[in-house]
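If you read the sequence shown in my numbering, its first letter stands for residue 1, the second for the next number, and so on.
Rather than coming from a laboratory, the hints here were simulated on the basis of the structure. A portion of the hints provided could be inaccurate.
Said to hold, decoys possible - Between beta-carbon pairs, the in silico distance windows are:
#1 322 with 141: 25 to 33 Å
#2 128 with 339: 29 to 37 Å
#3 100 with 191: 43 to 51 Å
#4 303 with 215: 37 to 45 Å
Said to hold, decoys possible - Here are the simulated lysine-lysine pairs, DSBU-like style, with alpha carbons at most 30 Å apart:
#5 133 with 324
#6 82 with 320
#7 317 with 102
#8 82 with 102
#9 82 with 324
#10 102 with 133
#11 133 with 317
#12 102 with 320
#13 133 with 82
All of these numbers come straight from a predicted model, not from anything done at the bench. Where a beta carbon is used, it is the ideal one built from N, C-alpha and C, also for glycine.
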Amino acid sequence: MLALTAVPLGVRVVVLEPDPQAPARVCAEHLQAAYTDEAGLERLAACDAVTLEFENVPLEALAYLEGRVPVRPAGALLERSKHRAREKDALRAAGAATAPFKVIASEADLTGALAEVGGRGVLKTSELGYDGKGQVRVSHEAELLPAWEALGRLPCVLEGWVDFTREVSLGVARTAGGELAFGGLTENVHRNGVLRRSLYLPGDPAEAQARALARAVAERWNLEGLLTLEFFELPGGELLVNEVAPRVHNSGHLTQDGGGLSQFEAQVRAALGWPLHDFAPLLPCAMVNILGWPEDHEPDWPGILALEGARLHLYGKAHKPGRKLGHVNLAAPNEAVLRGRLAELEQLIP
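Start from the sequences, fold in the hints, and give me the full structure.
So, in structure tokens, the structure goes:
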């Protein structure tokens with residue numbers, strides 16, 4: 001989707017991706033090679049700038065590129081955001097609150113750990129883990145060791161359980177010159193650890209707080225590119241940062257059809273040093289993910305296409321149950337109409 005956005009702007013896109021069926025190959029030059037392949041990296045180094053579509057890029061690849069071509073976001077920021085403990089330490093240094101946590105590096109670290117974080121928690125691998133993977137909920141001390149073993153006895157972070165009222169997210173883009181732009185605050189609902197839907201309504205009362213935190217993190221981390229912050233909202237209205245992603249985010253896909261600048265164009269502009277402006281939608285809008293479906297539960301494609309205000313986006317990925325294969329965006333003139341259409345849409349997508 002980054003490439004699809006960049007091409008109409010006159011940008012030639014080159015993608016380094018080992019998968020021969022990389023979806024971006026339909027609109028970009030596809031370098032089929034490992035992320036650490038020196039010949040492939042040399043070809044990337046001939047570009048005006050390099051940006052990231054996901055976090056699971058080897059840091060040595062970015063280290064090779066830096067000094068040869070602007071890498072936005074920089075490898076140092078990726079190194080921070082790839083590791084949960086480093087990320088939380090850096091967030092706190094920027095003035096953002098997080099859930100209490102304890103680093104679990106050995107079996108000895110498990111003793112008394114749950115009490116230290118409040119008595120309930122989630123044990124997460126320090127690195128990797130996405131869409132609910134690489135984590136186990138724990139409510140009793142006796143569950144910690146089995147949970148750690150289930151995660152392969154890998155380095156982990158034990159996070160205290162947060163009784164939140166909702167999950168929200170917001171993107172921030174920043175150029176090398178320090179120009180900032182913000183997305184709108186979206187409210188997110190997950191199902192089985194995977195984002196099900198996102199909702200954007202103008203005037204969310206928590207948006208000012210989220211923007212202030214995003215600004216503080218972007219400036220403290222010297223962001224060049226785009227960063228998305230995921231928050232827990234507490235009953236009193238305070239926002240805790242759950243995690244960050246140094247890229248466009250699933251919850252921001254609704255910006256494609258909200259009438260304003262999309263998060264994808266914001267990341268392209270920030271990477272190239274072009275002028276920015278805020279990328280919140282201009283209309284109330286929503287997004288529902290399409291996951292790989294079990295047999296006989298395929299989405300109602302004609303119904304989706306017939307729904308007023310709906311825009312279907314499919315990624316060209318091979319079908320696999322549970323895999324994110326696409327999404328549908330909805331836009332409407334007001335909240336009431338949007339919620340009505342959203343209820344219809346959710347009946348069309350299992």
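Satisfaction of hint between residue 320 and residue 102, Cα-Cα up to 30 Å:
violated, 35 Å
Mind checking the hinted window 25 to 33 Å against the Cβ distance between residue 322 and residue 141?
holds, 32 Å
Has the hinted range 37 to 45 Å been met by the Cβ atoms of residue 303 and residue 215?
About 41 Å separates the Cβ atoms of residue 303 and residue 215, which means 37 to 45 Å holds.
Next pair to validate is residue 133 with residue 317; report whether the Cα-Cα distance is within 30 Å.
holds, 20 Å
Given the proposed pairing of residue 82 with residue 320, does the C-alpha separation stay at or below 30 Å?
holds, 26 Å
Is the straight-line distance between the alpha-carbon of residue 82 and that of residue 102 30 Å or less?
Distance of about 17 Å is within 30 Å: holds.
Holds or violated: 29 to 37 Å for the Cβ distance of residue 128 and residue 339?
holds, 36 Å
Does the structure keep residue 317 and residue 102 at a Cα separation of 30 Å or less?
violated, 37 Å
Holds or violated: the 43 to 51 Å window for the beta-carbon distance between residue 100 and residue 191?
The hint (43 to 51 Å, Cβ to Cβ) is violated, given that residue 100 and residue 191 are roughly 26 Å apart.
Given hint residue 82 paired with residue 133 - CA-CA distance at most 30 Å
holds, 15 Å
Please verify whether residue 102 and residue 133 have alpha carbons no more than 30 Å apart.
Roughly 19 Å between the alpha carbons, so the hint for residue 102 and residue 133 holds.
Restraint status (C-alpha distance of residue 133 to residue 324 at most 30 Å):
holds, 14 Å
Against the hints set out earlier in the document, violations occur for numbers 3, 7, 12.
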